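**Q** Residue strings, one per chain:
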Amino acid sequence: MSMNAPGTPLLEMRGIDKAFGGVPALRQSRLCVGRGEVHALIGQNGAGKSTLIKILTGAYARDAGTIVFDGKEVDFKVPIAAQRAGLSTIYQELNLVPQRSVAENIFLGREPTRFGLIDWRHMEAESARILAGFGMSVDVGRPLLSYNTATQQMTAIARAVSMRAKLVIMDEPTSSLDETEVSTLFGVIRKLKADGTSVVFVSHRLDELYAVCDRITVMRDGQTVAEREMEGFPKLDLVAAMLGKELSVLQGARRAAPDPSMSEVLSVQHLRSGTRVKDASVAVRRGEIVGLGGLLGSGRTELARAVFGADAVDAGQIRIKGELVKLDQPADAIARGVAFLSEDRKTEGIIADLSIRENLCLVLSPRLARLGIVDTRRQQEITEEFIRKLDIRCAGPDQPIRELSGGNQQKVLLARWLAAGIDLLLLDEPTRGIDVGAKAEILELIRGLADSQGLSVLIIASELEELVAASDRVAVLRDGRTVAELTGSNVNEGAVMAAMANEPAKQTEVPEVAHG
Amino acid sequence: MAESAPASTPLTTSGTERRGWACLKGGRTLIALVALLAFNALFTRDFLTLQTLNINLSQVAQVVVVAMGMALVIATGGIDLSVGAVAAFAGTLAAVLLAQDSGALVQPGVAVLAALALPLLAAALLGGMNGLLITRCGVQPIVATLVLFIAGRGLAEMLTNGNLRAFAPERLEWLRSNLLGLPVQAWLMAAVVAVTVWVVRRTLFARRLLAVGGNARAAHLAGVPVARVKLIAYCACAALAGLAGLMNVAMISAADPAKIGLNIELDAIAAVAVGGTLLSGGRVDIFGTLLGALAIQLLDYTLLAHGVADEYALIAKATIILLAVFLQRRGK
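Sequences listed follow chains H and Z, in order. Going by my numbering, 30 is the number at position 29 of the first sequence; the sequence numbering is gapless. Going by my numbering, 65 is the number at position 47 of the second sequence; the sequence numbering is gapless.
Please note: incorrect hints may appear among the correct ones.
[Unchecked claim] Covered by chain Z, according to a simulated footprint, are these stretches of chain H (three or more residues, beta-carbon under 8 Å): (1) 191-199; (2) 206-215; (3) 321-334; (4) 341-349.
[Said to hold, decoys possible] If we take Cβ atoms under 8 Å as the criterion, some of the chain Z residues that face chain H in the derived model are: (5) GLY199; (6) ARG220; (7) ARG235; (8) LEU239; (9) GLY300.
Bear in mind the hints are in silico, worked out from the structure with no lab data behind them. Model, not experiment: these values are computed from the prediction. Even glycine gets a Cβ: it sits at the ideal position worked out from N, Cα and C.
I would like the entire structure built from these sequences, with the hints used as guidance.
**A** In structure tokens:
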């Protein structure tokens, strides 16, 4: 019924602007998807991918720009309008009803009826037919929650198919799937494509994009910075477009090679943990700052959590100060002098209602207590000492931590560990959400501690500049595997990017180690 | 605002005010209490007498004791509905032990000691069961404690086949007598409050309690034994409920398992809420909870003394509690 030539794109979003409270999230961004095309949408956190998708599906209203879908200019006010027009979104957290059956989920809200009653037989037969088309045989009468994530995702896709979706948007569909599940998903995506359905595929796993996508749109800082065919797009150029770094920026700081006389505080070998960490190896010596590079979803955070005992280790070895350890919970790691600063300061760091003093002394307090009674005077002294040392700007130790700025909160959390006298600090995005000045201050502080007190640090930072500036050495993870270890003059943004993208840098040598 | 201010500058009003009023966090509850006292002093006959004071203190003592434990549990972000049932079980067990007329328990000293220690121990164990259900099995606190809320009173009635169990009045006489002009139970209440205040101010346990209630994930990542802290809170709460059960049977020298601690969980929760503590956890205000319990007791007494019919008294009480909580929220 479409009166458009097959050559015109199915979706054309142009000049899209969106600001939240005066802060622009999207500026003149665009996204064009052809018919029967699998289209990759990629960008770092905060690049504007999600905002763009939400504008398309009617979850947000745009400030400017036009959207043409299937030949008509559209302006979806609510998500259901977008769905009716043939646009389905499959979110990372599936919005299905886990307690209801697979068939009921596929037909939720538009159940087929006969004589006013739900036509169960038709509903289940139709559901089974669609899923069989994906090469899956599933008892569609069983509740959704009795199936694994992959099947649940297939159910969501089946729902989209049954609604005759012309465009299916998949937001990081592979983030919780294992390898065989991913290949099933890819089979389904190819099937959709063969049937003429278009797919927008959001993922951070580059290899997956190359495996399944035809075209790609790269976003950065709310703008569309690249649009092209996937084929023949060098990974390195893709990563560079995403991070906004020119490859010519290659002046590495002069660093000494790792000092072998210093003992290894942490040694991780062939670690496997959950679905994200597959074969990771990294070592940190005393007084050394090792950067952990990699794209979002490459398993950096998960590696740090496993070393801290917060996630279970499935295979591989962790040695702390030479001793092979098995960590069941964070307290085990803390007892061995390991500290972890989560990237999510609000939900995993601060205890908002408590004072700076109680937050700062949280780890230390057991050691300040005799027979369960805390020496409050020592607490006060230590807190005042760290407020002075780390220049924490506050009204005093009794001020609730929630009233501090992000940078000062982070200093309190850092002090929480320093006060406890730790040897190894795992830092996950320590400068996220912190203003530029405080950023530099915190990085300097960490460098000072490594140099003067021999503190060992493993630091995760998405900003390459920061990673390179902070680290003595960088280990790069890709898809849960350590793919490179950069030392000396090789610690530069170009080499890190090349390793993230799995291509040799043009001007530097990237030694490949432990390739899984 | 706070972020760029130098250390010496006074910060947000809440930052400075808090320190001045640190010990009077339940300020609004205190005002309500004073208002009630003033009203009664003016309009209630014989209000300003030692006898009135003693009646009120005796009536409120059990609620305050239970509310102290409830405040600790609420600080973890949980709730304990089983306190009334636990009080009934502990009180009935004490009565059964005191009513023994053979064996070692005939000796009054042994009997009284056993009748104090065993019920408290049993209560703490029941609290431990609550805690295990919540921490090990991941049952939501309201459901986990609902189980014991139902079963606990049943267990208590099983001890006496559902009958009233009386014991020799002289055995727990000291627990219903007066000391220095005030009821022993009032002194006991004061002691429990004082100990709880001390625990909250000084101990490692209380710091961990607030950390767990404020942000369990962050606490876990800081090495705090989250499950153990919660378990202790539920044990302490149940033990205090057991103590309230003992106080109850001491008053009438008998145990009525169907009546002991009936609805006391609701009075205790109301005391915590009226005292200005949010039920979302991470905070504890012992002084406010005490004031909350006293205010509710005084309200009950006022309505009774002025002959307000029961049905209207209940409505009036609910309205005033609602008003108090509303004012607390506004004051935040």
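**Q** For each hint, tell me whether it holds in the structure or not.
**A** Checked hints:
Taking a C-beta to C-beta cut-off of 8 Å, the segment 191-199 of chain H contributes 0 residues in contact with chain Z, too few for the three needed, and the coverage statement is violated. Figure legend: the segment 206-215 of chain H, annotated as covered by chain Z; annotation inconsistent (0 residues with Cβ-Cβ distances under 8 Å, at least 3 required). Coverage of a stretch by a chain is defined here by at least three residues with a beta carbon nearer than 8 Å to that chain's beta carbons; for the segment 321-334 of chain H and chain Z the count is 3, and the condition holds. Requiring three or more residues with a Cβ within less than 8 Å of a Cβ of chain Z, the coverage given for the segment 341-349 of chain H holds, as 4 such residues are present.
Hint status for GLY199 (chain Z): violated, given a least beta-carbon distance of 33 Å to chain H, over 8 Å. Hint status for ARG220 (chain Z) relative to chain H: holds, with the closest Cβ pair at about 5 Å, below 8 Å. About 5 Å separates the beta-carbon of ARG235 (chain Z) from the nearest beta-carbon of chain H, less than 8 Å, and the hint is met. Residue-level restraint check for LEU239 (chain Z) holds (minimum Cβ-Cβ distance to chain H is 5 Å; threshold 8 Å).
Residue-level restraint check for GLY300 (chain Z) holds (minimum Cβ-Cβ distance to chain H is 5 Å; threshold 8 Å).
Figure legend: structure checked against the earlier numbered hints; hints not met, in rising order: 1, 2, 5.
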